[in-house]
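Engineer: Those protein sequence lines, which keep their order, are chains C and U.
Anchor point for the first sequence: position 44 equals 44 in our numbering, and the numbering is continuous, going up by one each time.
Anchor point for the second sequence: position 130 equals 130 in our numbering, and the numbering is continuous, going up by one each time.
Since the hints were derived computationally from the structure, they do not count as laboratory data.
In this text, a Cβ means the ideal position worked out from N, Cα and C, and glycines have one as well.
Careful: at least some of the hints might be erroneous.
Covered stretches of chain C (chain U as the covering partner; in silico rule of three or more C-beta atoms under 8 Å from a C-beta of chain U) [unchecked claim]:
1) 10–23
2) 26–37
3) 152–163
Residues from chain U that face chain C, not an exhaustive set, calculated with beta carbons under 7 Å [stated by the list, open to error]:
4) Val22
5) Leu25
6) Leu27
7) Phe36
8) Phe64
9) Ala65
10) Cys68
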Amino acid sequence: MAVYVYSITSKDHPMRLDDVHGVGEPSSPLRTVTNGSLCAVVSDAPEDLRARRRDVLAHQEVQERLMVEGAVLPLQFGMTAESDEAVRAALEDRADEFRERLRSLEGAKEYNLKVSWEEGALLRRILLESEEARELNAATRGGNGTPQMSLALGELVAREAEVRQQALATGIVEALRPYARDETPSPPGGRDFLNISFLVAADEEEMFQATGTRLANQLGEECEVRLRGPLPPYSFV
Amino acid sequence: MTVVPQGESGISRGSTSSLYDVLDLILDRGLVIDVFVRVSLVGIEILKIDARIVVASVDTYLRFAEACNRLDLETGSKQPTQLTDLVGEITEGGAEGKSKGALTGAVEAVKDTLTGDGGEEGGDADEDEEEDYEEQDNEGGEGEQEEPEYEEEPRQRRRQARRTSRRQRE
């Protein structure tokens, strides 16, 4: 029977998982597979596992529960092993590495930050600040001007937008960096221009959060700042 | 902690959207053990395509130009300037801009559609319970839109911004 693997923790983890459910419908009960000082949280794998919201949420809830009481190495969603024995063997194979990672992540949490700039606000800002863009805009409004002029306007605005987004992204990251132990940027999706995860130690969490709130308030007029956390350290395992 | 300020689009959306915001971490990050099998999850591969759709194109430029043409600068002129100040303030000493930025609006992503950007904010979490983070070959398709689609989003979304004043500001 295939085994769905959620996370790896230390054997000493309190592992209070009574009211947390595994993936699948009906969800299978969580259990642990232990080898040496390491422990994997697993359940029987459902036959038709897919990335359903329910299952992704279940995966996430296991991590969130575990991280409250000790370091956890969250697996990527969807990892299954052939059997408990295979899980045990994997724990054995990379025991040193897992122990080391658990030690280094002790007390640290991930925070993920995504920021988007409301397009109208950004374009308006560019037009107000760039005379060239303003002139081109005036010349092309109402269907006037040549297609080349529209193209020039668009290109200029796109360039200006990127410059501003990059500058703001840099500023935001630099404001938060002093309170983070590590950071992992990801390609931003959708309208976001920034997507980055920070690893924050317990004694810096308060300052990190306060800085995040300050940024969100300062940027709130034009930007959407989504700071999520504390999260299991997905980006730092 | 979750910070979503009261910006124009900063609507607080409850826990479902929090999940959306960390979906990329859960599906794309996390520990991978290579002797284990990653269940074939079509949706995940599609998710990864996310935003990397061509940014610098004639199409994009024209869309930007059009969006600018539509802006009502009169209204806009009373926008607060604090952002500029902030940019100046917090970027001093390092404004070279190493971070990677995608052009807002030029890139349309999977996750926008996922979050049902158009109008799901209301928190209909429950009825979405069965929603897959996968392809949209979806059974229930009640036509219109809110089926999760992993495709480039229609470009129109932001277009209906303002059609009001065509006055030129000179």
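Engineer: For the region 10–23 of chain C, does the count of residues with a C-beta closer than 8 Å to a C-beta of chain U reach 3?
Structural biologist: violated (count 0)
Engineer: Once the shortest beta carbon distance from U:Val22 to chain C is found, is it less than 7 Å?
Structural biologist: holds (5 Å)
Engineer: The region 26–37 of chain C covered by chain U? Criterion: 3 or more residues, Cβ-Cβ distance below 8 Å.
Structural biologist: It is violated: at least three residues are needed, and the region 26–37 of chain C offers just 0 whose Cβ sits closer than 8 Å to chain U.
Engineer: For the restraint on U:Leu25, tell me whether the closest CB of chain C is nearer than 7 Å.
Structural biologist: holds (4 Å)
Engineer: For the region 152–163 of chain C, do three or more residues have a beta carbon lying closer than 8 Å to a beta carbon of chain U?
Structural biologist: holds (count 8)
Engineer: Answer holds if the nearest beta-carbon of chain C is closer than 7 Å to that of U:Cys68; otherwise answer violated.
Structural biologist: For U:Cys68, the interface hint holds, since the closest Cβ of chain C sits about 5 Å away, which is under 7 Å.
Engineer: Does U:Leu27 pass the interface hint, meaning its C-beta sits closer than 7 Å to a C-beta of chain C?
Structural biologist: holds (5 Å)
Engineer: Does U:Phe36 hold up as a contact with chain C if the rule is Cβ-Cβ below 7 Å?
Structural biologist: With Cβ-Cβ at 5 Å, under 7 Å, it holds.
Engineer: Should the hint that U:Ala65 touches chain C count as held when the rule is a Cβ pair under 7 Å?
Structural biologist: OK, holds: U:Ala65 within 7 Å of chain C, min 4 Å.
Engineer: Using 7 Å as the Cβ threshold, decide whether U:Phe64 counts as touching chain C.
Structural biologist: holds (4 Å)
In summary, the numbered hints that this structure violates are 1, 2.
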